[in-house]
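Undergrad: Add chain H to chain A, keeping to what the hints say.
Protein sequence lines correspond, in order, to chains A and H. Numbers 1 to 461, taken from this note's numbering, label the letters of the first sequence in order. Numbers 462 to 922, taken from this note's numbering, label the letters of the second sequence in order.
Because the hints were derived from the structure by calculation, they are not lab data. Be aware that one or more of the hints could be misleading.
What the hints assert, rightly or not - Restraint-style ranges between C-beta atoms, simulated for each label pair:
1. A/E197 with H/G659: 28 to 38 Å
2. H/G673 with A/R447: 54 to 64 Å
3. H/S909 with A/E215: 54 to 64 Å
4. H/G824 with A/D79: 27 to 37 Å
Just so we're clear, the structure is a prediction, and the values are computed from it rather than from any experiment. Just so it is clear, CB atoms sit at the ideal spot from N, CA and C, and this is done for glycine as well.
Number of protein chains: 2
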Amino acid sequence: MEASAPRGNTPSKPPRKHYRVVVDSPLKIGVGLLGCGIVGSSVVRLLDDRRDEIIKRTGLDLEIVSIGVRSVARDRHLDIDPSILTSDAQSVIDNSAVDVIVEVIGGIEPARCLVLDALAAGKPVVTANKELVANHGAELFAAADAAGVDLLFEAAVAGGIPLMRPMRKSLIGESVTRVMGIVNGTTNYILTKMSLEGAGYADALSEAQRLGYAERDPTADVEGFDAGAKAAILATTAFGAHVVAGDVYHEGISTITRVDIDFADRLGYVIKLLAIAERVSSSDENSTVEVAVRVHPTMVPKDHPLASVNDSFNAVFIEGEAVGELMFYGRGAGGMVTASAVLGDLIDAASHRAAGVAGTPLGDLPRALVRPIDDIASAFYIHLEVIDRPGVLATVASIFGDHGVSIRSMEQEGLGDQARIVFITHAGLERDVQSTLSMLRDLDSVRSVLSVLRVIGDDEV
Amino acid sequence: MEASAPRGNTPSKPPRKHYRVVVDSPLKIGVGLLGCGIVGSSVVRLLDDRRDEIIKRTGLDLEIVSIGVRSVARDRHLDIDPSILTSDAQSVIDNSAVDVIVEVIGGIEPARCLVLDALAAGKPVVTANKELVANHGAELFAAADAAGVDLLFEAAVAGGIPLMRPMRKSLIGESVTRVMGIVNGTTNYILTKMSLEGAGYADALSEAQRLGYAERDPTADVEGFDAGAKAAILATTAFGAHVVAGDVYHEGISTITRVDIDFADRLGYVIKLLAIAERVSSSDENSTVEVAVRVHPTMVPKDHPLASVNDSFNAVFIEGEAVGELMFYGRGAGGMVTASAVLGDLIDAASHRAAGVAGTPLGDLPRALVRPIDDIASAFYIHLEVIDRPGVLATVASIFGDHGVSIRSMEQEGLGDQARIVFITHAGLERDVQSTLSMLRDLDSVRSVLSVLRVIGDDEV
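This is chain A alone, in the form it adopts within the complex (with noise of 0.2 Å):
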């Protein structure tokens, strides 16, 4: 072909850095585990059993030199030196045997300034922290790229699902329209239970707190605080952009009721609790990037990929420009779950670690710009139970006709002297969904909203 034209910064060939598998003396990375509760045990009892296979495969010996637990004296059943254990959490971070610190403590304090110091001292992070990351990603990933280290997280959204390497690496050139989610495999379960088996919703919550699915107190799982976070984690990791936990709208699935679940099922749906990332403005016009963020139950069409995820599973549903629709699904919690998602991670940092490189940083990313809910548009699903006498639907209709929301679907059900309507909208902004509906509940002909809840499908834009 013909000379190329010259081109100025081209990268010399570059002093080619590859460490060789070499099974016979494999290169030690000393790990420092923060926490041994029940994630960091089975990060141990893992990295124990795969030692030997991940000498095999990477040439990498992953050895856990140092843990910082609360209590020394607790019993963790691990079979390890005592000696390891610290409850001195610095000393984990100083400790110079530690090259890669695994954080697994969760919550904000101490992990985030553990965290902080580690990246400082020049060791890559691998967190499954989702209510760190969540809050204080920015903070992070700019000293994750500052001192040059690793910073992972793939644990922190989707439990074992391998989604925030392939969100940042094989899709960093993909434009990404939308992301959403099943995120919290509690209400999952909750959701499946009383679609399934005809539960109620406290029946459900029970039946998931006996099995260890739901805490005592089950408030951050089903109120959307939970799947808000990894919404958050999503849509920064999707758009490049930070959006933080405070910024997502969300609702959980308390009120859902089994009418809400049988009115579903027959108009064709299933109703999940979604976490819903959109990027609603072009980054290409301006160098600000608008998200849509929020989470609620939402009425998933039966046919849709994210219908039959069930129980306590998990799943991303992403939506690009040339890739077209991919959906990742598999456990998002557990010990051994998330200790493998952990583990993936370790051994990347101590791979880059060994060839003294950071991976693709996430750096500096600029803040997204959050379009607040009353701006953005849904189909929804409204129940109401209104009094049965001639003219009520004309008043009904009229009113959501002059709020601009159109009507796709309804049906009408006589009970006695009232009667119950479901509509079906076209999408509509919020704000004029939330006007007409205080509207509604003005009426003297309507009883009451029985339930509201957003549509995804066809129709939706």
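TA: Same frame as chain A, but now just chain H:
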């Protein structure tokens, strides 16, 4: 904590190689494209479309500087400088402005020689070529390893689905026990048409051809050759031992009838063409990895996540000891879909190039021991037409028993003077089931063995 034991070969803190994302002066990476058909043109278009955004996110400016094509004259409707087209593919590799090679020619030669030349010249290669990787993977991986550069092939299996990177990176520490994939969109489209719309095989195939999902000569797809090549790549990646396309037992879907589809439906199954790769001996005991790899139409329980993967979609279901069940779902073919996967690899290879490192090399994998199909156990669905007279069922059942094939369920239906019997067996060795079938075929009372399909589900092992 206590000082840890001295460790001989602890890596000293390596000098950190960390290129920063500097949008104002991005690092140019010259891309050489080999082939410019549907996928190649899509790569040109997608890269053109995403170039600015990639600079923003990665600091890398990917520029296609040379394209090797068969005919320079052909109009490709691309917005490119015609001077970068050349019919001398070797010159693309030799071009000093080319830092990374993308091979989308397809087929074995000249792709194989060109890829080997590129690797020998120290240039990373991204390929979408399943045939090449499935037949010459060992040679290519060794060449990449020797040169210390990346050889990435995300697009070779399941098109746009990020699968190879998660398997190679996220799951490298995981003990994967089985991989089952719907990896051929053509056959999945045909089976979906038959299953959901009641089409016959011939009509469904014609429709697939009309829509461009199937080739004029559909043999490679419908007889399982394409899926077989992908199964070899999946097995190699999952189990870290070489399996080549020729190792893979395969049956196609051309003998599947409406009757099979209907029976499957009645029994709670759907029929899917699955590529199945299992690890059948633990690699812990000795260094040999034994695998069972095959492609065949399979009865999949309706509540299995693979059962609802319809139309031309692909999905790969992975079972691992720690992570449990995972599934990756998306489009398996199409120009832009494949280009999306190529672009992810290209950015990865370019980042490594910029940092002067290879990614995790697949390296010098051992050859897998491939278990012959005769020694693989499956549950079977067997559909017989028999003469309807007393004693026939007893005779038939005793033949199963004589061969150690145990029956899980049986259904008999009278059809005038003959009857149809449908058996589902427990897992039995292929050789025993085949001997059973051979004896059944010889029985006077058996009119015909209408169909034989393998079954997955609860009782498969």
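Undergrad: Run every hint past the structure and note whether it holds.
TA: Evaluated hints:
With their beta carbons about 31 Å apart, A/E197 and H/G659 fall inside the hinted range of 28 to 38 Å. The hinted range of 54 to 64 Å is satisfied by H/G673 and A/R447, whose Cβ atoms lie roughly 55 Å apart. Under the hint 54 to 64 Å, the C-beta atoms of H/S909 and A/E215, about 59 Å apart, fit the expected range. Roughly 31 Å separates the CB atoms of H/G824 and A/D79, a value that falls within the hinted 27 to 37 Å.
Against the hints set out earlier in the document, no violation occurs for any number.
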